[in-house]
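Asker: Letter by letter, the chains look like this.
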Amino acid sequence: MTALLENLLDRAPLGVAVRIARIDWTAMSEDEGRRLREFGLMEGSEVTPLHRGSIFSRDPLALTVGRMKVIIRAKQAAAITVEPTA
Amino acid sequence: MTGAIPSIALVGNPNAGKSSLFNALTGARQKIANYPGVTVERKAGHASFADGRPLSLIDLPGTYSLTPASLDEAVTRDVVLGRQEGEKRPDALIVVLDAANLDNHLCFALELLALNLPTVVALNMVDLAERDGLTLDAERLSKELGVPVVPTVAVRKRGLTELLAAIDEAIRSHQPRAAEAAPANDASLHQRARTIARAAILNETPVRRWTQRVDNIVLHPIAGMVILLALMFVMFQAVYAWAGPPADALEGLVGVAQTWVVDNIPQNFLRDLVVEGLLAGVGAVVVFLPQILILFLFILLLEASGYMTRAAFLMDGLMGKVGLSGRGFIPLLSSFACAVPGIMATRAIPDEKDRLTTILIAPLMTCSARLPVYALIIAAFIPNRGVAGTGIGLQGLVLFGLYVAGIVGALVVAFALRRTVAKGTSAGFMMEMPRYQMPGWRDILLGLWQRAWIFLRRAGTIIAMTTVVLWLLLTFPQAPEGESQVEYSVAGRIASGLEVVVKPIGFNHDIALALIPAMAAREVAVSAMATANAIDAGDDEEAMAQTLGERLQGKWSLATALAFLAWFVFAPQCISTIAITRRETNGWKWPMFMVGYLFLLAYAAAGITYWTAVAFGLG
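As given, the protein sequences belong to chains A and B, one line each in that order.
Take 1 as the starting number for the first sequence in the working numbering and just add one per residue.
Take 1 as the starting number for the second sequence in the working numbering and just add one per residue.
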């Protein structure tokens, strides 16, 4: 159970590909959830977090999903549980 | 199809290169207007098939699905479904896909194909896909989708003839069928899209992506911020450094026109109106065209190259702290050119309170209409020399400082608004980051041309009108011998009334006179002063020969000049901005609020600047 926090996309190390295990859709609005799915962020997708924030804050997070690079806020990333790729 | 001109809509995801394709197909034959009832821009244009038959094209806002998340995305859905008021349902669709991002873009394409309209897929930016190590099979993709697929490179004009031929054929051979049930944008749709993409991708070499290497530097938490600041700094220095010669040339041209009128038309009321009113006033504003174009050039280049989204990423942390999101960065940066398109661009912000706050602070971004005012005052009062041997111009530095003052003011105001009138939960920020690409010069030039045209039309209508009205108010009633015409006129007397209010913050009669007509547009302050000075100079040839700047130098103290600059950082003197705010917020409440708080800030800022400067002995 200690690894639980480590498994959130919010905390995932940069540059390492991970697979999305679960998304807590209740942690975000319906529109935000749909936009995530439109970006291709859903259970089973492989993503690589790449850049996090600037000197001002840890927000937002840039990650690749497929051949696309998208930006999300840490709040949404914290609702996404990831697991190592096989 | 019968004789009617077929109308074809370009649809696709954001960043699929739709607008470049639209520009490549229509060239300069385009018209930008608004959809009735909504403020979303309607971009329409004309093109022709190979045999010369015309077709009309509309460029729809980019979206990810037919379920909209914002106002402009809703327009795309409504037009495609034939529900948009005042817009005929298109006869055919060109679905634009980014060749390098097939599995994602195919999701929306599949949704659109289910509508069963005549459709052709433009597999756009195939050159960039190849750069990324992708080889695609367009025929296979066509077989999988059941519609023609044409590879295109919009910025290089490749594949356009084939695309038009395919759409012509698709319309001709179309068998109307009922639309299928729209597939839900969920896992199964994505699965289908991925399967099709896999089938169409012949070869995928894992090349180290160029974009990633650049991003490692550009999005670096510290280095990235330094680069962003440096870029902004270069942009504002360039506005000054490059605009000199063309601006001088334009000024010369206005002078030539004035001399020509004076030499060829006998002295009468009309000649004075043209020379002192129209030419002096409009000319004073038109000379700033080069600076405005340079600023827009930078903004268009940043946008077309893909850098703008990186800037939004970097700024999101800071903007998040005051309750905004990185989404707001693009409207706010556009507001540096003009708050009107900036405020319109806030439609892409999904959160209502976030959007309202962004609208209310947009006028604090230093728009191009302030440039004429800043440029005039800076040139006249700030010495043109370097700062302590650094090679940085002092004038450019002051200009940069004025921009920074606007930005800091905006952040403070946003912080306050988000805790009071626009309270709400922190806004979200979700955005796609496009790949870097070489901007197409045709797209940039077309964009510049459209901006230049808007600016000149403004100079020719609203500014020309206010200047003429002002000239009339300045000319009548005629002052008796020995009295100043400007002081004696109707405008002069109104200004004397206003002067009482603005005297404490160091403003003189000149400024009071310029402020009233400048309610129409900020740059009118310059044309108003030019007109007043032209009348004031009268037949005094020596005074006529002086530039406006030289004349102000003789009449104003440095403290007054600085206070005047500080005033314009905040003052909401722009009818168009007030009108667009009314339209975008559906009522008078917010525009009135905006005007009120900005005037208060302007008065305070000018006052503090003036009193401080006087305390330092600059009065």
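For the record, the hints were derived by calculation from the structure and aren't laboratory data.
Because the structure is a prediction, the values reported are computed rather than measured.
Treat the hints loosely; a few may be bogus.
Derived pair list, reagent style DSS-like, types lysine-lysine, alpha-carbon separation capped at 25 angstroms [stated by the list, open to error]:
| no. | chain 1 | residue 1 | chain 2 | residue 2 |
| --- | --- | --- | --- | --- |
| 1 | B | Lys-157 | A | Lys-75 |
| 2 | B | Lys-143 | A | Lys-75 |
| 3 | B | Lys-555 | B | Lys-589 |
| 4 | A | Lys-75 | B | Lys-321 |
| 5 | B | Lys-88 | B | Lys-157 |
| 6 | B | Lys-423 | B | Lys-157 |
| 7 | B | Lys-43 | B | Lys-31 |
| 8 | B | Lys-157 | B | Lys-321 |
| 9 | B | Lys-157 | B | Lys-31 |
What the simulated footprint calls covered on chain B by chain A, stretch by stretch (three residues with Cβ under 8 angstroms from a Cβ of chain A suffice, anywhere in the stretch; the number is not a length) [as the list claims (entries may be wrong)]:
| no. | segment |
| --- | --- |
| 10 | 170 to 178 |
| 11 | 221 to 228 |
| 12 | 308 to 322 |
| 13 | 507 to 519 |
| 14 | 602 to 608 |
All C-beta atoms in this analysis are idealised placements derived from N, C-alpha and C, irrespective of residue type, glycine included.
Asker: Confirm or reject each hint.
Answerer: Each hint tested on the structure:
Of the supplied pair hints, the one linking Lys-157 of chain B and Lys-75 of chain A is violated, its CA atoms being roughly 42 angstroms apart against a limit of 25 angstroms. Distance check on the hinted pair: Lys-143 of chain B and Lys-75 of chain A sit about 42 angstroms apart at the alpha-carbon level, beyond 25 angstroms; violated. Distance restraint check for Lys-555 of chain B and Lys-589 of chain B: the Cα-Cα separation of roughly 40 angstroms exceeds the 25 angstroms cut-off, and the hinted pair is therefore not satisfied. Between the alpha carbons of Lys-75 of chain A and Lys-321 of chain B the distance comes to roughly 14 angstroms, so the proposed pair stays at or under 25 angstroms and holds.
The hinted pair formed by Lys-88 of chain B and Lys-157 of chain B fails the criterion: a straight-line CA distance of about 28 angstroms is larger than 25 angstroms. For the given pair, Lys-423 of chain B sits about 48 angstroms from Lys-157 of chain B by alpha-carbon distance, which is inconsistent with the 25 angstroms threshold. Taking the CA atoms of Lys-43 of chain B and Lys-31 of chain B, the gap is about 6 angstroms. The hint holds against a cut of 25 angstroms. A C-alpha spacing of about 44 angstroms is found between Lys-157 of chain B and Lys-321 of chain B, which places the hinted pair above 25 angstroms, so the restraint is violated.
For the hint pairing Lys-157 of chain B with Lys-31 of chain B, the CA-to-CA distance comes to about 20 angstroms; that is within 25 angstroms, so the pair holds. Residues of the segment 170 to 178 of chain B with a Cβ under 8 angstroms from some Cβ of chain A number 0, which does not satisfy the need for three, so the listed coverage is violated. With a cut-off of 8 angstroms between beta carbons, the segment 221 to 228 of chain B has 4 residues touching chain A; three or more are needed, and the interface restraint holds. With 10 residues having a Cβ less than 8 angstroms from any Cβ of chain A, the segment 308 to 322 of chain B passes the three-residue criterion, so the hint holds.
Proximity of the segment 507 to 519 of chain B to chain A, defined as three or more residues with a beta carbon under 8 angstroms from a beta carbon of that chain, is not established by the 0 residues found. Note: the segment 602 to 608 of chain B has 0 residues with beta-carbon separation from chain A under 8 angstroms; the three-residue rule is not met and the coverage is violated.
Comparing the model with each numbered hint stated earlier shows that hints 1, 2, 3, 5, 6, 8, 10, 13 and 14 do not hold.
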